[in-house]
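> What follows is the residue order along each chain.
2 protein chains.
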Amino acid sequence: MRTAGKADTRVFKYEYERPGLTVDCVIFGLDLDEEMLKVMLIERDVAPYEGVWAIPGGFVRPGETLIAAATRELEEETGIAGVFLEQLYTFGDPDRDPRGWVVSVAYYALVSPEKHHVHATADARQARWFPVTSLPPLAFDHERIFAAALERIRGKLTYAPIGFELLPQKFTIKQLQKLYEIVLGRKLDNRNFRKKIFAMDVLRELGEMQRGVPHRAARLYKFDERKYRQLIKRGLNFEL
Amino acid sequence: MRTAGKADTRVFKYEYERPGLTVDCVIFGLDLDEEMLKVMLIERDVAPYEGVWAIPGGFVRPGETLIAAATRELEEETGIAGVFLEQLYTFGDPDRDPRGWVVSVAYYALVSPEKHHVHATADARQARWFPVTSLPPLAFDHERIFAAALERIRGKLTYAPIGFELLPQKFTIKQLQKLYEIVLGRKLDNRNFRKKIFAMDVLRELGEMQRGVPHRAARLYKFDERKYRQLIKRGLNFEL
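Each protein sequence line maps, in turn, to chains U and Z.
With this note's numbering applied, the first sequence has no gaps in its numbers, which climb one by one up to 970 at the end.
With this note's numbering applied, the second sequence has no gaps in its numbers, which climb one by one up to 970 at the end.
Among the hints, a few may not be true.
Claimed, not checked - Per label pair, the in silico range of CB-to-CB distance:
1) U:N922 with Z:N922: 20 to 28 Å
2) U:R949 with Z:P866: 57 to 65 Å
3) U:Q899 with Z:V782: 38 to 46 Å
4) U:G885 with Z:Q905: 25 to 33 Å
5) Z:A798 with U:E816: 50 to 58 Å
6) U:A877 with Z:K957: 24 to 32 Å
7) U:M930 with Z:R916: 19 to 27 Å
8) Z:R916 with U:S864: 44 to 52 Å
9) Z:E935 with U:Q899: 47 to 55 Å
10) Z:G885 with U:E895: 17 to 25 Å
What the hints assert, rightly or not - Covered stretches of chain Z (in silico footprint by chain U; criterion: 3 or more residues with CB under 8 Å from a CB of chain U, positions within the stretch not fixed):
11) 744 to 755
12) 787 to 794
13) 821 to 834
Worth flagging that the hints you see were computed from the coordinates, not collected in a lab.
C-beta: ideal position from N, C-alpha, C; glycine also.
Use the sequences and the hints to build the structure in full.
This is the structure we're talking about:
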């Protein structure tokens, strides 16, 4: 509860020690042109870790839900808005923050980088995408948070249709395979991939071919909406 | 930081409002004899919600990791120890606790009820198992936390071997099917179940039959350790 403090300072007093509470947002960017998985980082402009790169995030305000705080901090620090954030994990090791006891609820999302205008504002000198394979040193325990998010998203590919909505409306099997390969960070066997994708039975062949490509035009597909929704609901098993 | 207070009261003062931080443990009990999924609840003996049933849990102490707090609170309130707790989700809606701003990190586990000696101690009048189908009214937002845990564990059955280690070392297909049916809370088609389980290719037929059963003796199986570990690693897809 708030109690009267000195002239200019309002102070909150508690009988027991309480943690600071933050949210952090691991935003993955699926770059289909550069064929690269990226992550959004900000350069901190306040202590601690001033000038060091970090996952965007900040303190939860009283009266705010956790998801509202995550959404607000992400937009304030990077300009990224309208993203479906999913809760990842809560990190609470007592020594994770040099300021003292600070617990952080981490969120994650997968987006198309080109759909977001990135610009740093509050508490960040700059915000930009980094390839997940070449990150700078990160503040706090953010390397651990990043690793947990990467593991989650890669694991989810084996039982949920992750990022399918980031493909063009009409796409080739090769493009769908690229999506998997970019997120997983490794090549997959072409023939096996085709077999598994067709076994999932969610694609509809459009009877159209790619146009204006320098290589042999491939067949175009789209997702069968009904089957795709079923797939989201019941999960899938895509052994990789 | 701790500052000097009145003679008997130590007080923590902060510039910004801070949340209280709790942990809650949703412990599911797989009762293979009664063929029932249960959940461990405690009757609170302190305000708020004095005399109301709740999920075991309590405040995280400074210097404690979240998992250590969850482990400690679970044992203090129910006597249940040595359980593999997995983090479920963090609940932080501002109005979830009448005491004010309290954020709770929820954990869950699935255990064999008969393997644990349940006895209430701190902050709980009593602790006992309830069938998940007939819960009393719960304190705070614990009905929501319980529902999230149940959904998680049921969802996980479709892509991970949940609770298999709770079966006897040698078991029948019927017993394995019962495990699924108890967790899911519904009957499965026998023939389909057998087909799917054998397709998973993790069972080893022992060439032994059940003994001392009033019905026709069934074949006994055990898990192939190597294949079972692979299954945990790569996940599975058990459409239900």
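> Among all the numbered hints in the text so far, which are the ones the structure does not match?
Violated: hints 3, 5.
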